[in-house]
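Trainee: Order-wise, the sequence lines are chains A and B.
In case it helps, our numbering puts the first sequence at residues 2 to 666.
In case it helps, our numbering puts the second sequence at residues 23 to 175.
The set of hints was computed from the structure by calculation and includes no laboratory data.
Keep in mind the model is a prediction, meaning the values are calculated, not measured.
Any given hint might turn out to be false.
Unchecked claim - Below, in silico cross-link-like pairs of lysine to any residue (SDA-like), each with a Cα-Cα straight-line distance of 20 angstroms or less:
(1) B:K87 / A:L342
(2) B:K26 / A:T636
(3) B:K28 / A:I274
(4) A:K383 / B:K26
(5) A:K518 / A:T587
(6) B:K87 / A:P607
(7) B:K28 / A:L342
(8) A:K415 / B:K26
(9) B:K26 / B:G45
(10) A:K383 / B:T56
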Amino acid sequence: MIVEIGHYALILALALAVLQSVLPVWGARTGDAGLMATAGPTALGQFFFAGVSFAALTWAHVVSDFSVVNVVENSHSLKPMIYKVSGVWGNHEGSMLLWVTTLALFGALVAGFGRNLPAVLKADVLGVQAWVAVAFYLFVLLTSNPFLRLPIPPIEGRDLNPILQDPGLAIHPPLLYLGYVGFSIAFAFAVAALMEGRIDAAWARWVRPWTLAAWVFLTLGIAMGSYWAYYELGWGGWWFWDPVENASLMPWLAGTALLHSAIVMEKRDALKIWTILLAVLAFSLSLLGTFLVRSGVLTSVHAFATDPTRGVFILAILVTFIGGSLSLFAARAPGLAKGGLFAPISREGALVFNNLFLTSATAAVFVGTLYPLMLEAATGAKISVGAPFFDATFGPLMVPLLFAVPLGPFLAWKRGDLLAVAERLAVAFGLAFAGGLLAWWLTRGGPILAPLGVALALWLIFGALAEVVSRVKLFSEAPKTSFTRAVGLPRSVWGTMLAHLGVGVTLLGIVAESAWKIEDIRVMRPGETARLSRFEVIFDGVATRSGPNFVETATRFRVIEPSGRVTVMEPSKRVFRARQMPTTETAIATFDGVSQLYMAVGEIQPDGGVAMRMYWKPLVLSIWIGCLIMAIGGTVSLTDRRLRIGAPRPSRVPRAGDAAPTPAE
Amino acid sequence: MTRKQKRLTLIGLAGLVLMAAVGLVLSALNDEITFFTSPSEVIAGHVKPGTRLRLGGLVEEGSVKRGNGTTVEFRVTDGVNVVPVAYTGILPDLFREGQGTVTEGVIEPSGLFRADTVLAKHDERYMPKEVADALKASGHWQEEAGKVPLKTK
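Bound conformation, chain A alone (with noise of 0.2 angstroms):
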């Protein structure tokens, strides 16, 4: 009963997005007050049936409802709570379904807190918003329906994929779509803006939180599946440059280059034809991204089940709406007012070159995501690009953009002077080439490039730290005088420094596994020793234990340091009962705080050997240990207090058709 309750409350939630895709834009049109305000409601209602829907296929998976389909072919009832409920988008229907929730709580969050936006533009973007509700309600309806029954239930499920049984999968995919869908709003805002033909500095105003807080998900999502993957799959591995994964950094990519060039726009308005560009094409890239995962023209974790007319389907979605809102940006964006212009060094200049480069790393991402399927397309010749063509063309691409992230900040609007700051972060580039030379020096002999790495990373993190010294004149004023002004620094101010200083220890995180991992692939009998940096390993024995929905077979290796302190690792095969699949389990153990010694064992060999594969990763976390200071940085931000007490109207209110003023140069 609870099973079609979800399914009848998904078919309401389509209706409703159907009327909310229709009577706001129509009142738009004709301005008609009454058709426009229906825009609320029907977001919020829509967002109470998808929830419902949400909840029932939730209770079906957390009873082990065994008459729905769904719940049979990715459930078991064995399996801990909490993959019974992650394992509701841990399948296709069911991740579709979190998708669509998604997008309508997006959409009732703009009713609820849009208030103070003009009645137009909101119904506007709520009804744009619908329009990609629609298509995608009916994408589940009518070929990914969760909710469809089993004549004669079997007693037992076929279980969830073991490798997505894991608390770090079970958060993946809610941040990753609360990222992807997040740009909705800012796609929704961009289309509403070329409706209406306007556009000024507080549209960039109304469209940055939403980015940002779209993009502090993305960046958590990103992160979470890269390391899922590196403790999960047993390579050490945390990015494969693989399709999927490539999907998701589009997105973040061109979200990154969105959130600078809306500062620009608010700040100055200027770059507003390329902002509105930038929010079509970050929404763009997160339905690319769906498509390419969903439709199984890629074949890989993601791709739970191959459906061609599910691929055609999204396909069709994917080229209605991307050409669609290219369309109207092609034939309406020569009419909008341009902004002012600036001189090449300049703060704006700055934000240009930050957009610029972001922009060409998308799109080398892009080509070497779809080259291969074009090709096979074109030629049916099968190539794989993997991660030597992205380190040729991404990487180079990066260096220059990083370098340049702790000047933007210090130049001023407008005309800045690069000398003045220059000297201003002659400190941080000194700091920055110190610990360059010390990385040197204390690993000669290795590759040259990692020392110059590190120094970027350091010179990322001492200019984002010199912003803040700099603006609270820490060392030139009282040390009470600086925290006054500490305190009132724009919240902004602080989550740009702390997004840039994220960077940097990512980036130190990268260049030092990198360079510096130390790799052993070796066969060990119970009782003998290996070394590997400074650890000493001992291989004590084989053990063979139970888990609730599976049997697993535990390594045991001491690691004793120099110091004599000695850790113990247990890395495993586990074999799924169920599927009779199995799991590789790593040990990870995490020494200095953010250097890690990394665990896998193959199959145990006749005479007792086991076939072992061991790392030193030095600095690993703090790759994704700057992943979340970027993501702490988004949020800063997101509390700053002119985003926070809600855009201000614009000081005139102009009208369809009235220029918006453009400031003298």
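With chain A fixed as given, assemble chain B onto it according to the hints.
Mentor: Okay, now just chain B, sitting in the frame of chain A:
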């Protein structure tokens, strides 16, 4: 700077970055991609020894030989031709005889394929797409029994 100069500087910079990006992508597409081949194509001599490539097919039944070291030898087949493969390292969890696999490495003059990567499969129902296509091409493709979907009401 005049308005025009400012605009030209920006456009020039943008053009430069774009050209650099295009150059990087094109050169990488020339050098950094890996072609996928089937055992038949390898046997037919379509690939030069020393070229890095991906080899996909089924792991031949009874061909896996594990030494006492970390090197494993097996043969990859597309039902018509067979290529011997040597791999040092730990095999993925779902590497089995009779199952599909994709390996990456170089072919030696002796005809041995020395793989440095054996791709992990994430799901027992999953067959690498390249392998499926190679098997279809050689006429040895069979739908797996496990793929039959559940009937719905």
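Trainee: Indicate, hint by hint, whether the structure satisfies it.
Mentor: Evaluation of the provided hints:
no., hint, in the structure
1, B:K87 / A:L342, "violated (69 angstroms)"
2, B:K26 / A:T636, "violated (40 angstroms)"
3, B:K28 / A:I274, "holds (18 angstroms)"
4, A:K383 / B:K26, "violated (48 angstroms)"
5, A:K518 / A:T587, "holds (17 angstroms)"
6, B:K87 / A:P607, "holds (13 angstroms)"
7, B:K28 / A:L342, "holds (8 angstroms)"
8, A:K415 / B:K26, "holds (15 angstroms)"
9, B:K26 / B:G45, "violated (28 angstroms)"
10, A:K383 / B:T56, "holds (9 angstroms)"
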